[in-house]
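Visitor: Chains as they are written, first to last, in this note's numbering: chain V, 1492 to 1724; chain Y, 6 to 343.
Quick caveat, the hints were computed from the structure, so don't treat them as lab data.
Some clues are possibly wrong.
[What the hints assert, rightly or not] Quick list of in silico lysine to aspartate or glutamate cross-link-like pairs, EDC-like style, CA-CA up to 16 angstroms: (1) K1524/V with D331/Y; (2) K1710/V with D331/Y; (3) K1599/V with E1647/V.
[Claimed, not checked] To give a feel for the contact side, a few chain V residues facing chain Y, derived at Cβ under 10 angstroms: (4) T1531; (5) D1535; (6) A1574; (7) A1639; (8) P1711.
Every residue gets a Cβ at the ideal spot worked out from N, C-alpha and C, and that includes glycine.
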Amino acid sequence: MIILGIESATTQVGCAIAGHEGVLASAHSSRGKRHAEMLTPQIDFVRRQARIELSEISVVAVDIGPGLYTGLRVGISAAMATAFALNVPMIGVTSLDLLAFPVRHSPKLIVAAIDARRGEIFHAFYRQVPGGVQRVTEPAVGAPDDLAGELLARGEDCLLVGDGAVRYAAHFEDLRGVDAAEPGLAHPTASSLVQLAHAQALREEFVPPSEIAPLYLRKPDAVEAKRIAWDRK
Amino acid sequence: MSTAEPSEQLILGIETSCDETAAAVVANGTRVLSNVISSQIDLHARYGGVVPEVASRAHVTAMTPVVAQALLEAGVEPGELHGIAATHGPGLVGSLLVGVSTAKALALVWDLPFVGVNHLEAHLYASFVEEPDLEMPLVVLLVSGGHTMLVLMRGHGDYEVLGQTMDDAAGEAYDKVARQLGLGYPGGPIIDRLAMTGKPTIAFPRPVLNEGYKFSFSGLKTSVINHIRKNPDAKTEDVAASFQEAVVDVLVTKARRAAVETGAKGLATGGGVAANSRLREAVIDACLEDGLTPFLPSRSMCTDNAAMVGAVGWWRLNSDGPSPLDTGATPNLGLPVR
Ligand SMILES: [Zn+2]
């Protein structure tokens, strides 16, 4: 079984390929909002590094968010098209699950937090279980201070991870028992994605591409409709 | 078994620049094997215009099924395709990225060339899809909710923008006037229908009528709105007919002047507003008087569609070769001029 994973929920974009033996190749880049430009060449690069033909891919995994909408849609569109073109099933994993995965060995309450812009963060809580972590709250969006208040109320040792935790570090640094994971783990990665997806694939938790839906967690801006005037100089 | 001839080059075209998710299979830039459009009009109607985030979300959901349907209706297997073309600008960036990302992924997996297509150029080529032997030089009046411009086509890929709007696009003016009249969205078809039962009794201004090839519709829109406020009892049908007459008068006067002054052989139209029945009538009348060949694409070829994208994709693939796989979206892309 060969899994292609595509991840583009934050300012980083990446892809990875894994087989039963683990991650065969991966690439990530986070330089300047160029997800659409980077992703297709990355997939081509990674499959060459993994020395496989695209036709050998049996599952396409994708980060379904929450995250930054435009970048997220680039990855999801590419993943759906790839699965359709290869006629293979898909696996959708949330960006917050991907953040919790590298810190799964922590006994603390894991708080995955992604910068949602507009002064908010996407977040979910995780707890260690045999063989990994389990999500104990549904992904949600809210103000950093509301999340800080919730952590204070819980009063247990927490490990904050994600670019939301980095950006709003000031809101959490005075909380007793709350630690931040190292900044190098601030973005969900395609490597985590293919590893998590591999476990799901073994349990045959596949979905057809038509069932993959981005996790937006917010309604579209119902601000006054902006008419398009792209022919104006 | 596909319906394609062995000598034909089949292009899968993808269009997502605004509020239509579309895919089409086109042979040799002219023969349309399928032309599938998933319209979002109902989603945007309650906002009175296209909401970019709503559009982007709908594109993600519709895109792959629309592509699948286009291949199915064409009876074409991926292995029979010669390239994948997608609009990469101008348009709404979030919407464009869905089509571009989809097209590049398909191109990579199926090992086909990818071609980024200019949406404005696609509108120009809508005429050639239906009439491959259109004679050039040709003046094209490109008019929609997003653009209003006069283009001189000297040959394939050889264009000159003679003039464009300085403020609102014509279709935009239709939408805004329709909103003022409480008629709903999109304004073009509604006003067109209403105008048929009204009389153009109100003399609305014809902005910048005698100033070259540029357009301006913002002042006209304002004077219609003022008229409605001052004359609340004015018959809506007459306001609609008078507004439409002013728009069509400006568009056609300039388009025929452009055709005559540039020595063009014909006058073609493109864009959603080119589906307007009064405009079509006026273009034909003007061409008859001036000895020009009129070309009015069918209504479905005027509004945004992917067949025109597939057509340009074929021309560009054969003239310039494929686009790189690191092509992104360019929201303000202009028409390529020499
Ligand atoms: Zn258009």
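Visitor: Run the structure past the numbered hints and jot down the numbers of the failing ones, going up.
Guide: 2 and 7
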